[in-house]
Amino acid sequence: MFDWNIIIHYFPFFVTGALLTLKISILSLLFGLIFGLIAALCKLSINPLLRWPAVFYVWLIRSTPLLVQLFIIYFGLPQIGIDLGPFFSGVLGLALNVGAYNAETIRGGIISVPYGQTEAARSLGMNGALAMRRIILPQALRIIIPPLGNNFVILIKDTSLVSTITVVELTLTAQRLIGSTYKPFEMYVMAAVLYAVLTSSASLLLTWVEKRTRTEARRS
Amino acid sequence: MTSHSPDRTQSTMLHINNLQKSFGELAVLNGVNLEVAQQEVLVIIGPSGSGKSTLLRCVNHLEPPTGGEIYLEGVLINDTTKSRRAFESHLNRIRCEVGMVFQQFNLFPHMTVLENIMEAPIQVLGVRREEARQAAISLLDRVGLADKMDNYPCMLSGGQQQRVAIARALAMKPKVMLFDEVTSALDPELVGDVLRVMEGLARDGMTMLVVTHEMGFAEKVGDRVIFMADGLVVEDAPPQEIFSAPKEARTRQFLAEVLK
Chain A
1 MFDWNIIIHY FPFFVTGALL TLKISILSLL FGLIFGLIAA LCKLSINPLL
51 RWPAVFYVWL IRSTPLLVQL FIIYFGLPQI GIDLGPFFSG VLGLALNVGA
101 YNAETIRGGI ISVPYGQTEA ARSLGMNGAL AMRRIILPQA LRIIIPPLGN
151 NFVILIKDTS LVSTITVVEL TLTAQRLIGS TYKPFEMYVM AAVLYAVLTS
201 SASLLLTWVE KRTRTEARRS
Chain B
1 MTSHSPDRTQ STMLHINNLQ KSFGELAVLN GVNLEVAQQE VLVIIGPSGS
51 GKSTLLRCVN HLEPPTGGEI YLEGVLINDT TKSRRAFESH LNRIRCEVGM
101 VFQQFNLFPH MTVLENIMEA PIQVLGVRRE EARQAAISLL DRVGLADKMD
151 NYPCMLSGGQ QQRVAIARAL AMKPKVMLFD EVTSALDPEL VGDVLRVMEG
201 LARDGMTMLV VTHEMGFAEK VGDRVIFMAD GLVVEDAPPQ EIFSAPKEAR
251 TRQFLAEVLK
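If you're matching them up, the sequences are chains A and B in order. End of the first sequence = 220 in full-length UniProt numbering, gap-free, step of one. End of the second sequence = 260 in full-length UniProt numbering, gap-free, step of one.
Hints listed in this document are in silico derivations from the structure and should not be mistaken for laboratory results. Keep in mind that a hint or two might mislead.
Stated by the list, open to error - To give an idea of the interface, some chain A residues facing chain B are shown, with a C-beta separation under 7 Å as derived from the structure:
| # | residue |
| --- | --- |
| 1 | G116 |
| 2 | A120 |
| 3 | L124 |
| 4 | L137 |
| 5 | P138 |
Using N, Cα and C, we set each Cβ at its ideal position, and we do this for glycine too.
Given only the sequences and the hints, what does the whole structure look like? Please build it.
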């Protein structure tokens, strides 16, 4: 039957694993946002030298599995002299992955802002970058936030894949404990519970952010 | 140029030479020639699709012309000899001097009325915040909306939004103002307030190009009216003449239609 004692006994290991999962999630989220914004702006650029690399990046990431992307970065890159180690390979892989999805989300938000806003900004002498930063992006943000939050919840769950490249986060912690306890049911259930805690907290946080931006949106 | 503006100077503000614009196969402007004097109020009328809005939008280069030249106080606006980067900053400078008001207001919905007006002076001209704020408040006073300064655009009526849009354009201290059917999206009872603000501007000596269907305004405030059709200026005359005795058949036909 379900052995509660063993869970209590090994709980500190789970906390350590969950904290690492959280750390990876936050770092990937941050870089994923930066990658996504850059790729979105490049995809919207009229300059083909910016547009085509961004189109290629988004296509490449979205048409290949995350697991294979992680393997290429962790196992493949050292072969050509780039050895990032398990942790940074994991963060880079996840950030590149979520960045591609963010790019599409952000791009969609930007193009949904009426073109009259750009024209009004430009007619006041603003250059393209200033108009984007002060006028378009703040309006796009409201549209972008809900789907972006969705991407981040998915990202938290996807961090479990970095267990395959030896990062001892939540999933690999569970696996290692199974190796010594032979209790897969307890260990995986415990990991699942902690993932649920992480994703639900993220969702709650996002709902709060959404509500705040929506109140602002109602004023306008 | 007309009886009610005897003191207006005659030096040229805007000079448009053989202006052409096509969208792919569709030719919208077919060689427009136009001179607008300083402090002149030029009203542009004509059927839809005649190129009036396109003409305005070419002046501040929201639409790049396909041919011809536009000069603002002797400076070529569509100077294609410049490098891309130099042309961009040249355009931004020009646009600071050419204010535009749109049919759909296009206020920034995420900013208050005051912030809408202060934004470009601060970000583009580098005006100090407090100074921009004082200027914005006095502009709002001028358009009769000082009590709305902390509201968001969505809380205002169309007519109020449009007056804020006029104040926003004026905040850049432009030399010329372009009005692109600014009352067409308004409920009839709100049109008057906007037109009164424009009339006040004209009285204060602003050079204005006004695309409108408000013939009463054209007659009362305009120094000159041009009638456009098929991307050409068909008739160019003082309002009294064009409304009482239009020379061209196309003008007569159009006026008969709109004044019916």
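Comparing the hints with the structure gives:
{"no.": "1", "hint": "G116", "in the structure": "holds (4 Å)"}
{"no.": "2", "hint": "A120", "in the structure": "holds (4 Å)"}
{"no.": "3", "hint": "L124", "in the structure": "holds (4 Å)"}
{"no.": "4", "hint": "L137", "in the structure": "violated (10 Å)"}
{"no.": "5", "hint": "P138", "in the structure": "holds (5 Å)"}
Consistency note: the structure conflicts with earlier hint 4 alone.
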